[in-house]
Amino acid sequence: MIDKEKLVEIGKFQKTHALKGELNAILDIPEEYVKDGNPLIIETDGIPVPYYAESIRGKGTTSFLIKLEGVDSVEDAAEFVNSAILVPRDELQDYVGDVMLEDDLEGFKVIDRFEGEIGTLEFIDDTTENELMVVRTPDDEEIYIPLADEFIIDINEERREIHTSLPEGLVSLNKSED
1 MIDKEKLVEI GKFQKTHALK GELNAILDIP EEYVKDGNPL IIETDGIPVP
51 YYAESIRGKG TTSFLIKLEG VDSVEDAAEF VNSAILVPRD ELQDYVGDVM
101 LEDDLEGFKV IDRFEGEIGT LEFIDDTTEN ELMVVRTPDD EEIYIPLADE
151 FIIDINEERR EIHTSLPEGL VSLNKSED
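First residue of the sequence shown: 1, per our numbering; consecutive thereafter.
Simulated from the structure, these hints should not be mistaken for lab results. Glycine included, every Cβ here is placed at the ideal spot set by N, Cα and C. Heads up, a few of these hints could be off.
Ranges of calculated distance between the beta carbons of each label pair, as one might list FRET restraints [what the hints assert, rightly or not]:
#1 Gly37 / Ala78: 20 to 28 Å
#2 Arg113 / Ser73: 50 to 58 Å
#3 Gly58 / Asp149: 15 to 23 Å
Taking the hints into account, I'd like the entire structure generated from these sequences.
Okay, structure coming up:
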């Protein structure tokens, strides 16, 4: 049985490709992980199920075409669209080393060079085209900040802080309308 607590999300199937069951996927790991025969775990009805890639082809630095074993038609592949791709964290270490993953950032303080402390990172919202940091302010408001390299100055793991340099007005503009 696969322990869900030990899994980490490393990508997502975006859409089907062609008619033979290929899927377009965005992956945050080297393609060697998949090429070496490691399973990609996809939750099916809430149960983590391992799938193996029959083939993988790069389309850029993070975009890949993946053909899963047993998925042989566009209809079969469509069932995986928008599914998160998970892997066991301990297996991932051999390929990416001891790096921080997005899930590791939850609970970090977000501090802007102009605004000061904004709040605490609750989670990364990857349901939109651009990933967003969902930050809870001391006033219990949610603020949405794009997770973009140009806004991140530093991530201090020891102090559990994310230092940003956000454009003027972005914080007030991105407060939720709760």
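Hints versus structure:
no., hint, result
1, Gly37 / Ala78: 20 to 28 Å, "holds, 25 Å"
2, Arg113 / Ser73: 50 to 58 Å, "holds, 52 Å"
3, Gly58 / Asp149: 15 to 23 Å, "holds, 21 Å"
Hint compliance for this structure: no hint is broken.
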